[in-house]
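Put chain B with the ligand on the given structure of chain A with help from the hints.
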Amino acid sequence: MTDTDPQVADDGPVRFMPQLISLDYTVRTNPVAAAFGEALADGRITGHRCPSCSLVFVPPKGFCPICTIETTSADEVVIEDRGMVTAWTVLTPIQYHGQQERKDYALASILLVGADGTVGQQRLIDIPLDEIRPGLMVEAVWAAPEDRVADDRGYGLGTAIDGWKATGEPDAPASEYEGHTL
Amino acid sequence: MAERCAIVGIGQTHHRKVREDVSFAGLLREAGQRALDDAEMTWRDIDAVVIGTAPDSFEGVMMPELYLADALGCAGKPIMRVHTAGSVGGSTAIVASHLIQSGIRKRVLTIAFEKQSEGDTTWGLSGGRSGGVGAGGYFAPHLRAYIARSKAPEYVGWMVAVKDRLNALKNPYAHLKVPDITLEKVRDSPMVWEPVRRLESCPASDGACAMVLTDEAGGDRAPHKPAWVHGTAIRSELGQFPGRDPVNPKGGQDCAADVFAQAGITNPRKDVDVVEMYVPFSWYEPMWLENLGFAEEGGGWKLTEDGVTEIGGDLPVNCSGGVLSSNPIGASGMLRFAEAALQVRGQAGEHQVDGARTGVGHAYGGASQFFAMWVVRDTKP
Ligand SMILES: [Zn+2]
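So the protein sequences, as listed, match chains A and B.
My numbering numbers the first residue of the first sequence as 1 and each following residue consecutively.
My numbering numbers the first residue of the second sequence as 1 and each following residue consecutively.
Keep in mind that the hints were calculated from the coordinates and are not lab data.
As the structure is a computational prediction, the values presented were derived from the model and not from experiment.
It cannot be assumed that every hint is accurate.
Once the Cα atoms are required to be at most 25 Å apart in a straight line, the calculated DMTMM-like pairs of lysine to aspartate or glutamate come out as [to be verified]: (1) B:Lys250 x A:Asp104; (2) B:Lys250 x A:Glu178; (3) A:Lys103 x B:Glu194; (4) B:Lys270 x B:Asp254; (5) A:Lys103 x B:Asp220; (6) B:Lys151 x A:Glu178; (7) B:Lys151 x A:Asp130; (8) B:Lys380 x B:Asp354; (9) B:Lys151 x A:Asp171; (10) B:Lys185 x A:Asp130; (11) B:Lys302 x A:Glu178; (12) B:Lys250 x A:Glu176.
Example chain A residues on the side facing chain B (calculated, C-beta under 8 Å, incomplete) [claimed, not checked]: (13) Ile66; (14) Ala87; (15) Thr89; (16) Val90; (17) Leu91; (18) Thr92; (19) Ile94; (20) Tyr96; (21) His97; (22) Gln100; (23) Glu101; (24) Ser109; (25) Gly114; (26) Asp116; (27) Gly179; (28) Thr181.
For glycine and all other residues, C-beta sits at the position ideal for the given N, C-alpha and C.
Only chain B is shown next, with the shape it has when bound in the complex:
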């Protein structure tokens, strides 16, 4: 069997619209230092670094990993970068976990980041040409198709937004905080990409997330209770081909089935205690609940409507406030993975789910075509 992988350190930055107080390197070091402090390690203790960020055109800095190596203490050490668009934070954590599980490295630092204020994401997505519609404009027809198919009431989207924004108030690192959020406030916010309203959309953020992963011996020695990796899975599919269903992509279904099988999860709705899912627009919560097998097809919105996905519910989703509250794109996937690990370590603070022992982290990217997931627990596999 593969070497066991422990998550012994977790750190994240305070996510903001503009982190004018730090450079790229400073942003990564802030998250990295916090993860190292949590693990009671120093930069010197790390064997290798794996970083991830969204496409370079979003920030206008080509191959930042080259210049970041020095700031991350990587001189003379292996450093690699992972590229899977919006899901990259998840894929990056998975690559790091595989360096441990394969026995190649004993202590790996992994960091994912984005400094959206340094560039213009919509410009980057448009290739610098007129007519760019941004991620929201691309995904909106898929959300409309979900609503039409599932016959979900319009207010379910508003409910997701209210829930995640209330959760963000419990997370000191979250970017967007709307203390007086209500269903009416979401409903009355401007329609940006029909059917997506402004308050149902993610912000643009600067931020980073980091984790220290170790082998089993490292987990046994960890100063704070580690989380243990019980399964990792990645799937991808072409962005467009006849028969592709962006509302319920096969890649996402397969990714979930694979990771749950690895972790011995037969009934995700019952066996999972907490989920951090990639929800940049409110309707993705019910869509992904179905895609990942937490609800039957067409039934995801009922879990949201019934309050199942609230912090006090049966299957809490995005207790951290999720991507709707903080979206440093490249880091957003790793934040989902890290928040799931924080929950099973019992370190999620005010947004902790009591007794969470099995957590799921999920990320998607590109044209809803890249998927990454992991299952973490408070016990060894």
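So that you can see chain A by itself, here it is in the shape it has in the complex:
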């Protein structure tokens, strides 16, 4: 917050004071997310293939939400670090305490080769914002091994991948990305 923020104005009957507090906490990562994180640190993206419907979930959830059955490490499959853009937005980052983004950037949903669902909120890099399109083929730009930290909440790919750059391959046909808006 800044001095010009109306929330710190002192001209009304009530004075608003921004107060930041510190809170240390420990997240107990579930075993499925922990195994996924270890593989990421090792440079591999893994998923679980549902033994009933055969759909591959990335990141693995430890269950198939469609069949409502458990999936385990026995169902683990390795996914390629390459896929197609199915949906995206170019956004102007909202500023809040702790936000480090300042410039407009693109986030995309990517359907990885070997997966049946997309990974969302993936950063596109070295691709002009007006050249982003569905079907665009991209590959992972991995972070340095020591910087690969999985999301302890079990979402997305954590910091393991800095972003995705175009591979230069022909675009995937619409039939492959339609139905994968998420």
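Same frame as chain A, but now just chain B with the ligand:
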């Protein structure tokens, strides 16, 4: 058959960017008192209270229902809180209506609220980490997919924004008022989350909404004409799984089909007089028109373009100005439900639709994964 449920009192606050004149408790009491006044009741007449608000991290106050109980006259009475993210205001009203319909309570006060100025919603949504994109950044790809699929012209989004902002000028409680709104002004406003422009987005608001619900006897005794609940439905689905379509979610389709069947509505486009739909970004109007069955798939934007959803149109949508004009998140869903009820009671003032007898309230939340709807009429079911 279940007990009938009447809506005998409706109240809302003046929604603002910062309601510095009231605390949380004061904000809720303002809406609650107005609903009680409308019902000609006092806090003592209420058997139970059901409240709803968005996730606690948005305001940084944990479990506010615990400290609010006293201010809401709930000492020694049942109070419960409902949690369904952005759809919570709708779900909260539905939980309250079920307390009546099940015969458990005779007079229930329900209040939904948000005081966005007390915290930071984007911070809350990001879990306090960098890189948070807010609701707009999350939903934007879905809106782009809708535009691509339906081939809707870009100006349809601007038309929704102009309509809702003009409607807000007729609503004394609305937060954001842009009297000189035009298509050009919307078009020229900054792009925030492509394809969403600033004037196609909701504001952050402080506000609350309240309703007094009673059984049939209470409705018969009500000092002002009540609205009657003809159907309620809630659906939810997981936020992400292969085959999930956020442009036309199955949960929303099923929710609408269920609530319309309960109310005997076979052709929603003809049988419904007024709709209050949860539209925080302009493109959700045509998307939800299709999702809820008011238009065929790909045809929602044509209703907007043809003026069908304007106050003078065949199927007026968001006559109050909607979420685009006031967004106290936790209250936004209940405002949709309450505005639909105000319309069938003939109490919507300047934004009243002449002769409205069947109204629909709708809310969605989370990752477009929670849905709540009700159908209200001016006659008993
Ligand atoms: Zn399965």
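Evaluated hints:
About 33 Å separates the Cα atoms of Lys250 of chain B and Asp104 of chain A, which puts this hinted pair outside 25 Å; it is violated. Taking the CA atoms of Lys250 of chain B and Glu178 of chain A, the gap is about 17 Å. The hint holds against a cut of 25 Å. Distance hint between Lys103 of chain A and Glu194 of chain B is fulfilled; the C-alpha atoms sit about 14 Å from each other, no more than 25 Å. With a C-alpha separation of about 19 Å, the suggested pair Lys270 of chain B and Asp254 of chain B falls inside the 25 Å cut-off, and the hint holds.
Using a Cα cut-off of 25 Å, the hinted pair Lys103 of chain A and Asp220 of chain B is violated, with the two alpha carbons roughly 59 Å apart. The hinted pair formed by Lys151 of chain B and Glu178 of chain A meets the criterion: a straight-line CA distance of about 15 Å does not exceed 25 Å. About 19 Å separates the Cα atoms of Lys151 of chain B and Asp130 of chain A, which keeps this hinted pair within 25 Å; it holds. With a C-alpha separation of about 20 Å, the suggested pair Lys380 of chain B and Asp354 of chain B falls inside the 25 Å cut-off, and the hint holds.
Simply put, Lys151 of chain B and Asp171 of chain A have alpha-carbon atoms about 21 Å apart, close enough for the 25 Å limit, and the pair holds. Distance restraint check for Lys185 of chain B and Asp130 of chain A: the Cα-Cα separation of roughly 23 Å lies within the 25 Å cut-off, and the hinted pair is therefore satisfied. Note on Lys302 of chain B and Glu178 of chain A: the hinted pairing holds, with a Cα-Cα distance of about 23 Å set against a maximum of 25 Å. Between Lys250 of chain B and Glu176 of chain A the CA atoms are separated by roughly 21 Å; this keeps the pair inside 25 Å, and the hint holds.
About 6 Å separates the beta-carbon of Ile66 of chain A from the nearest beta-carbon of chain B, less than 8 Å, and the hint is met. For Ala87 of chain A, the interface hint holds, the least distance from its beta-carbon to any beta-carbon of chain B being 4 Å, beneath 8 Å. With its C-beta approaching chain B no nearer than about 4 Å, Thr89 of chain A sits inside the 8 Å limit, and its interface hint holds. Interface restraint check for Val90 of chain A: the shortest CB-CB distance to chain B comes to about 4 Å, inside 8 Å, so the restraint holds.
Interface hint status for Leu91 of chain A: upheld, as the beta-carbon distance to the closest one in chain B is roughly 5 Å, under 8 Å. Because the closest C-beta pair between Thr92 of chain A and chain B is about 5 Å apart, less than 8 Å, the hint holds. Annotation: Ile94 of chain A was flagged as interfacial toward chain B, and the flag holds, the nearest CB pair being 5 Å apart, inside 8 Å. Because the smallest distance between the Cβ of Tyr96 of chain A and any Cβ of chain B comes to about 4 Å, under 8 Å, the interface hint for this residue holds.
Below 8 Å, beta-carbon pairs count as interface contacts, and His97 of chain A has one with chain B at about 6 Å; its hint therefore holds. Residue-level restraint check for Gln100 of chain A holds (minimum Cβ-Cβ distance to chain B is 4 Å; threshold 8 Å). Given the 8 Å rule on beta carbons, the hint for Glu101 of chain A holds: about 6 Å separates it from the nearest Cβ of chain B. Hint status for Ser109 of chain A: holds, given a least beta-carbon distance of 6 Å to chain B, under 8 Å.
Residue-level restraint check for Gly114 of chain A is violated (minimum Cβ-Cβ distance to chain B is 13 Å; threshold 8 Å). For the restraint placing Asp116 of chain A at the interface with chain B, the shortest Cβ-Cβ distance is roughly 4 Å, inside the 8 Å limit, so the hint holds. Hint on Gly179 of chain A holds. Least Cβ distance to chain B is approximately 7 Å, under the 8 Å limit. Taking 8 Å as the C-beta contact cut-off toward chain B, the hint placing Thr181 of chain A at the interface holds, the least distance being around 4 Å.
When each numbered hint is compared with the structure, violations occur for hints 1, 5, 25.
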